[in-house]
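Colleague: Which chain is which? The protein sequence lines are A and B, in order.
Residue numbers are given in the working numbering: position 198 of the first sequence equals residue 199, and the series is strictly consecutive.
Residue numbers are given in the working numbering: position 91 of the second sequence equals residue 100, and the series is strictly consecutive.
Please note that a few of the clues may not be correct.
[What the hints assert, rightly or not] Pairwise CB distance ranges, derived in the manner of DEER restraints:
id : chain 1 : residue 1 : chain 2 : residue 2 : range
1  : B       : G452      : A       : V278      : 47 to 55 Å
2  : B       : E476      : A       : G691      : 51 to 59 Å
3  : B       : K347      : A       : E97       : 33 to 41 Å
4  : A       : R780      : B       : G139      : 58 to 66 Å
5  : A       : R737      : B       : P418      : 42 to 50 Å
6  : B       : P418      : A       : T594      : 53 to 61 Å
7  : A       : G56       : B       : F429      : 52 to 60 Å
8  : B       : T122      : A       : K647      : 31 to 39 Å
9  : A       : A657      : B       : R56       : 19 to 27 Å
10 : A       : K647      : B       : Q425      : 44 to 52 Å
11 : B       : R56       : A       : D667      : 26 to 34 Å
12 : B       : G139      : A       : K647      : 28 to 36 Å
13 : B       : E476      : A       : T594      : 53 to 61 Å
14 : B       : P418      : A       : E358      : 51 to 59 Å
Keep in mind the hints are simulated off the structure, nothing from the lab.
Glycine residues also receive a C-beta, built at the ideal position from the N, C-alpha and C atoms.
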Amino acid sequence: MEIRIPELSLVVLIGASGCGKSTFARAHFAPTEVLSSDVCRGLVSDDENDQQATGDAFDLLHYIAAKRLARGRLTLVDATNVQSEARKPLVKLAREYHCLPVAIVLNMPESLCQERNRERPDRNFGPHVVRQQRAQLGRSIKALKREGFRHIHVLRRPEDVDAVKVIREPLWNDKREERGPFDMIGDVHGCGDELEALLAELGYRRGCCEADPLWGDLAYVHPEGRKAVFLGDLADRGPRILDSLKIARNMVQQGSALCVPGNHEIKLMRKLKGKNVRLNHGLAESIAEIEALPEGMREPFVRELTDFIESRVSHYVLDKGRLVVAHAGMKASMQGRGSGRVREFALYGETTGEIDEFGLPVRYDWAAEYRGQATVVYGHTPVPQAEWLNRTINIDTGCVFGGKLSALRYPENELVSVDALKVYCEPVKPFLEESALPERSVQHEQDDILDADDVLGKRIVSTRLRPNITIREENAAAALEVMSRYAVDPKWLIYLPPTMSPSETSQREGWLEHPAEAFDYYRNQGVPSVVCQEKHMGSRTVVVICRDEEAASRRFGAPDGSAGSVYTRTGRPFFSDPEMQRGVLARLRDALTRVGFWGRFDTDWACFDCELMPWSAKARELLRTQYAAVGAAGKAALPESVAALKQALERIGDAAAPEMAATLADYQARQERVGRFTEAYRRYCWEVEGLGDLKLAPFHLMATEKRVHIDQTHLWHMRILAEICGQDPDLLLATRYRVIELLDPESRQQGARWWESLTEQGGEGMVIKPLDWIQRGKRGLIQPALKCRGREYLRIIYGPDYTDGPHLARLRSRGLGRKRSLASREFALGIEALERFVRKEPLRRIHECVFGVLAMESEPVDPRL
Amino acid sequence: MLLTISTEHRPATDLGFLLHKHPDRFQSFDLAFGRAHVFYSEANEGRCSACLLLDIDPVGLVRGKQRRQDEVLGRYVNDRPYVASSFMSVALARVYRSAMAGHCKDREALADTPIPLRVKIDVLPVRGGGGFLLSLFEPLGYRVEAERQPLDEQFPAWGDSPYYSVTLHVTRRLSEVLSHLYVLIPVFDNLKHYYVGEDELEKLLEKGAGWLADHPQKAIITRRYLKSRSSLLRQALARLVQDEGLDEGEEPVAAAEEREAQLEKPLSLDQQRRGAVMAALRGRGARHVLDLGCGEGRLLKELLDDARFERVVGMDVSIRALEIAEKRLKLDRLPPKKAERLQLWHGSLIYRDSRLQGFDAAAVVEVIEHLEASRLSALERVLFEFARPRSVVLTTPNREYNQLWASLPAGRLRHQDHRFEWTRAEFRDWAEGVAERFGYRVGFLSVGPEHETLGSPTQMGLFELPEGG
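For reference, chain B alone in the conformation it holds in the complex (with noise of 0.2 Å):
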């Protein structure tokens, strides 16, 4: 990976007193992920261009001492030896770290003083495409030159790539500049090669003195810096903007979960389905009730603040989702009396579980829309016929209102693992199908703002066992 840094001001040659780097020798710098070297393609007086070539062992990334256990950077098959990543920004500060604090004993003024300089990233991979990165380089004053890579000219059909070549234009202090790239850089793909610990904050702050606060995107800058740390980032924040007082939520950990959430944010739609279950979990009495497909435990945590609720448990098929949901609800924390109401269990709607009987309710919300359509017979069963709650609320998307939101293509569901969404026709026929079946009676419910023709985003059925059913 290469990142070179090129001037016109004469003499040109002087950006080898800047970086503190001589022009005719290649320099050489180990680094505990590889090695990085330092030379000139050209130094003349009307044009200077030091090269910094990193060179990552991909080796080292899977075998190394600085081995990765994550997914994504833990193999071989990996684009950090070509691309300009986190390694970069710990390159530079390594390299031209005078440089970077402006140091510079034989040319102090120049140092002090803007010049015109050309910064080239062969390969920058962005996540967020090319208005993502205009919009964090030209409200610094950068012209940004930049081109998508092809993923594979022979495969048209894949679409590109998330690499683009970047040249940035600008006037200002080279040192200004270095500080930008060891910020930005890394902000692009969001990922880190190494653990974002709490001196991350202070480094963040450190080198994004003077420009970092007045920077339209320091929400998303400071988030991806940071990578969504939510403690770190409402610090980070607080200490940018003292008295903007901004209100930034966590992200949600998966980005279809944050399309979803986007789509349906407007009508704060999760919160209004919450509040239509824990209407109807109110208004049936019941007292021991069933979350299942709890996800990160959002319902459970109201149904946990409300002490009629005497026992709930939560249930999900993700391990991942019920570790988060253990730490959100903050189970260690709670007060004894109140955190023996709850219980999270592992376990799947599509095998008879003898764990589900005996309880009053079940909610099940937006839960069938991510079984296949085959599995639900399965869902059936296990819920209607062996848990057999008195009460069942479920909640599913009604497809019809899909049209109503501009951001969603035709005929694409909410979120990519929606196996099926359903008009309220089709519900309807499946949950009276249901109830004949099984012996519950049911009614249903529109929940969120209700379109005339189209009804609402979320359609809820209401599933009742007749009075000793």
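This is chain A alone, in the form it adopts within the complex (with noise of 0.2 Å):
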């Protein structure tokens, strides 16, 4: 015998005491899918017979329950449940998940039952209990039906039980298995020229349906093998409203299409079958074009028609998962569901219970929460532009009001449109005014306002480059205070830069760091070539720059009227003073300009990651406060120790104090030391009066319209940024560079000896980076790139003495493994901001990423590393 369950339900297993219900679990379900009331009742209590401890068990059960059918997992409940008070939450469950609820009963012999009882010891309850519960089970069979249950399978003999082969069967709508390509097509409402017309502009050909006595043969089909998919309200209004019926039903039928039903077709269904149903909104339209059909054509094409309407499933979820269509959309919980309420959804949408001034329900707007994993496109309400708001689209772009048909193209996104040859109908509320036209995107409306429950607590972000990253909940917490108190509008936050990983510690006496560490890291890696920038001491910088304020406006939806933005990376405004902004953007933007940047990469904005120096332009207090100040302490008080020991000397005598000797020779040691480091931090400061003192040096362009530019090499990003420099030298600083083969020792060298020339003129170091931006060795993605800090420097980060023997000794020991994995956890997060940005996701997914590295910031990692 055979049971039909649906891939996703709730299977309530029905049955006396000792009927076999654990065994049958056991034999056709996945342990994990088997919620036994005796195991909650063990799980709460530590006895599985203990029956005070019901009501909690039933509780845990429920919850188990539920947590599992919104995750989509079948679920099946193991207990008696023979009166209808015990199924009737699990009917509710069922419904609330949208899946169906089937009862599986086992009517066993009263005898049977018994007898098992008896086998076991640990149920030493009298006979009653079983007779009780199948006089309950009996009475329960009819009412199953009534309660709720969908599919009710019973069986009596153990012999069936045994013969029972349960077979699970997908719903309708799954049809994950259809990768597309895929055209969809909005709301057609009988505009059959504008079909026909669409579908010519979208590839597909007339032809190839066996001609129908009824249907005829009005069918295209796409030569690539392209499916259109109809979103429904092909009926109703226009002036070929059974020839747009055919073709979507020809194309169905050949497999050229799908197609889901729209509200108009369920009305119009109503309406043929003779429910009495209002001649109002174009339904008048489609019955005069029935009734003009000849006698005697018109019954089989009417029955034919209602088939065809009644057999559409109300949305399909395609291409495993990612796509999902629906007449009037699709929220999260619902998709791939099957219930009553579901295909209410996939037909009306949902509605607040309003009615609006025009006399029409007021839509509730489900696409503004959602924030599912897949696409939907949807249709039902006329809009003057289709436009992507949180990963789902309408392309009701209303063709019978006169504005146009529409299609979008999966995967490629696109969206094609022929505009309608004239109005074919007045609307009840005007839709293509041009002043409802909305300056900003709904997208950028939307994201104006960013959740807290997408950033706070614990969070696990999925990255292309790194599977799943961990923000951890402590971290997110001072990212949230830090992106509220200090950083720019997150419109302008689509990028952070990663912390960078110095080289290891280098083994050379008198040195902590030395580029041939960084050359063995990447050569161990497998690298053959590297290429070496040299560091600029400044402040990281992320510049995000557009051609134009409308530019600014029509991509980010910036409200703050700026074209660009400078931050630091936390992101923060670089400059506190807007006119100082304003005039680095429009020196890089001329530059850009005279360079033919936007022509070129044939875009309206760039995002670059740079260093502004100097130094002490965003670093001024870190400076007084720090450096400065033990600069000052060291110089005042160096020479007076030094001038007291030898004081003391002359007067007692080297001989007599030996130590003393030493002493005095190394406070002079530290007096010359602490020279060196007020002349290690001033290389890097001047006074900044205006644009004139900055210099903004880019070393990677990150970002442009179509492309996140990480699949270039960096030394394409250095060709172009040299380029770009070159048009404002005063203010745009080009990087220099050598590029290192790591198998030739010469050029190992001479590497090491560029980094020694730079650091000695008081540079602070170099950059080595592999050519190409991703690189992956064995244990995942390598550090994208190693910093190499010069001596003197050093001074800055390890204090003026650390170059002293004993000090630099125990600074060598220095743990990296942290801070790499950080490096590369950001970096990984930082590219996949930029990329959602591209992809034009909503605000909150970027938002997300960027969030993400800041809080992994606030991770405790030696911050001299």
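Given two chains presented individually in distinct reference frames, assemble the corresponding complex, making use of the accompanying hints.
Modeller: The structure is reproduced here in structure tokens:
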């Protein structure tokens, strides 16, 4: 005997104690699918038979069942369930999660149950219990259908139970295996001419349908096997309603299209079935066309048409679950599920229950709250322009009202439309008025507000470069404060740069860092050549720049009217003076324009990763309170100490106090070193009075409209950026670089010498990167870059006296593991943010990543690395 | 770091007896944080100078057993090796222990005699400037020579450093001078390298015996010496001045807060503001209230003390502030019925937050001016569109009033974190715009003493949803 159950269902076993429910469950379902009341009783009370724990046990059982159903997992409830009160909450649960309740009744002979219970020492209740349960069961069987069970299977003999095969069937709407490509077509409403023009535009060709006496041979097919998906509302209002329906039906028939029903088809069907339906909203035109059919053809056609409509599935889940289509949309919790409410939603969407000034129901904006993974394409409500919102798009562009008929090509996500030939029908609510066109997109409006739920608590962000990155709750909390109090408008925050690890500690006498270790790291990871870039000593800066204010508003939805943003690595505005920012952006914009950047990249915005100098421009407070202060204290203290020691030594004599002589030498060395320390920070400081005192050194062109440029080598970046910098050398500083072949000792030496000369002249050091951005080594993503800092520069990091032997020996032991792991995670998050932005995902999806970078930065890692 | 004590009391070399250190030797002492050396740069009949050279291990501060977690002390680039600080106090007490106690077997009479002494502290970090320096030493009879060091002569715009080269002249017993130095040196920069525990109070009372009680700056000396540990501070002051009955409040956490509080103090504006907010909330019959941007919880305490407020939620973006609020409100010690009325939430006013829905009223007291003006639109929507309490009581400074405060430089804002301060007209424009956009009614109130033309220091907007709105 076969028991067929829907793949996603809540299976309720019903039967007296001892009837074999648990054995049955074990035989046909995975252990994790089975929720047993006995087990739950045991979990809450340590005693599976403790009847006093029943209430708590069922609370637990219902809780787990709800979690499973919400996640779309089939669930079986193994309890006696012989009373209607026990089943009621289960049916309710199934309804709540839009899955079908299935009843499997094991109505076994009483003797069998009693016998089995006798064999089990833990079931020491009297025989009356089973008798009573069977009586309740008998009454129940008839009630099951009324209680809401859609599938009811009753087994009466042990032989039947043994012979059962449980077969799981996918839902009708499950077409995950269909991968497309697809062309979704919005509400046609009898605009047959436009439909044919659109199909032609999409590359479909007339033909190859066997002429049907009722449906004719009107059909289209795509030579590359694409499939059209009609989103419903083919009927009513327009001039060629039946032709439109015929095209859809014939294409479905021959496998070149899918079709979901619209509310207008359903209403038409009800009318054709003789229901009392008012002939409004364009239904009259459909009926008129049907009535015009020749006698004798009309009746069979109507029959087949109602069949066609009736057999449409309310929505489809396509392409491995990545695409969902429905007439009026589909919220995430209902996708791929089957219930009356799911069907209602697919046809009508959700309304708030209110009526607007035009007498139309006020629609509840489910798309604004959509958080699902799948793209949802729908129609139903005419809009002037198809616009993306949270991965959903409404492509009903009101053709019949004089708008256009639109299609969305998938997976290309390109919109294709043909204009309406005329206004066939006046809309009740005007939708094409110019004033109705928003200046900023719906998505931008929506993105004005981000939700705390999208950033707070422990979060796992999935990125292309690293599958799962965990953001810890306390780090997220720290990031919330920084983001709220100091960061620029999140709309500009499309990228935050990752932290960078130094090279391994050098073992050379007197040195903490040296390029040799960085070269070794990359060579050991299998990288043959690297680019070494001069490391500028300023402040890390991200520049997002737009061609003009209009582009800024269009692409970024920036409400502040600026045409770009310059911010620090923690998302703070770089300049407190907006004029200064405007000035820097204007100069950079001119340089980009002169070099033909906008046309070359077919973009009107760009994101650069840069260093902005001088250091003192942003770090002045830090310089004053820490660096200059330590220098000042040292310079005031050490000469006095040296003088006192000298004086004493002259008085006592070297021989009498050798230890004092050593101390004097030590203090003299310290005095010299504190001088070097002051020199070290001074090199990176100068007063900034205007734009002319700033230097901006871009070293990555992160992204433009269509791409994130991490598929290009760093050499490409260096060349492009050098061209741009050449346009305005007063402000823009091209980064010097060398390519080093790691397998060639000569080349490695040249690299090391170059580093030495840079750092001897006071440079901070250099950054070593593989030529390609993304490199995977033996253990996943390797470090995208390593820094190697100069000997003098490191005094600013480790203190004036760090080069002193005993100090250096201790400083050598430093763990880089944490820093590197962080660097790699932050890198993946930053790139992910940009990729999402380029894909035009909702802001919350981008914000999640940059928020993650900021959160990671609050991890306690040695700040000197 | 060098501290030199000299005398011209004849024979000057007797200083060696007083300090228990031989003038012709170079002696070294191991300390937990480094080493101390004692030697004499000069030692003759007429003049003798004892040098205490303190050698602090800067790497050890970050890595060693003495590792410090806090930001200022726990870093390699550190002024501690060069300046006189709590490290110096510890070294003094260790190396000159007997001298500080006034013991001297060989020259008992000299130890009990005031002698002319000169103390040279090469680098003393002083938070509070030269005036503060004088105010601590002069009442004890010292003549002070102090020279302030530049921060960096190449960058005069960076201003002066907090470091002074100080020479002190006094005629006193050596033990007294050492005790003064022991107590006062760490007071100048208000940092201690070790945990301030209960025994610190005993040390202070012991070393301060005979002079601290009469010192006009005893309150600040005690407060800084005890690192603002308020319970210790109160005990200390009580024991120092047993009948004066000082009322020394807790030191506000941030210096910026202190400044704002100082400005507003004569008015006790903070209290008046809270009073006005409480009155407004009571007047509206609110039972479930939000205190958005609750900070350290002053308003929460008043809300909690009034049982009419059945549910009180304080929210702040700063976790640190919430931790302080939790301590101040003594949540763990409140009766459960009272404690359960209150919740503290970490959250931000520029992210939509579903938790904020369903409240009667929200107090937003001195909050909006801490947000960038460009982010205000987000706050408006989070508060008035999504949280949508029936009433909102919102206060912000009235910028016009600032000119009445002499201590506030013209054009400066009251608090360094204020991103803007509004005139009455600006606030009114904003508030009316918000009310209009979100369907609220708004009225205005002044809080604090009202000036004829400049208004009151704080302005308040009362927003209300019309019935059924």
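Colleague: Just pull the numbers of the violated hints for me, sorted ascending.
Modeller: 6
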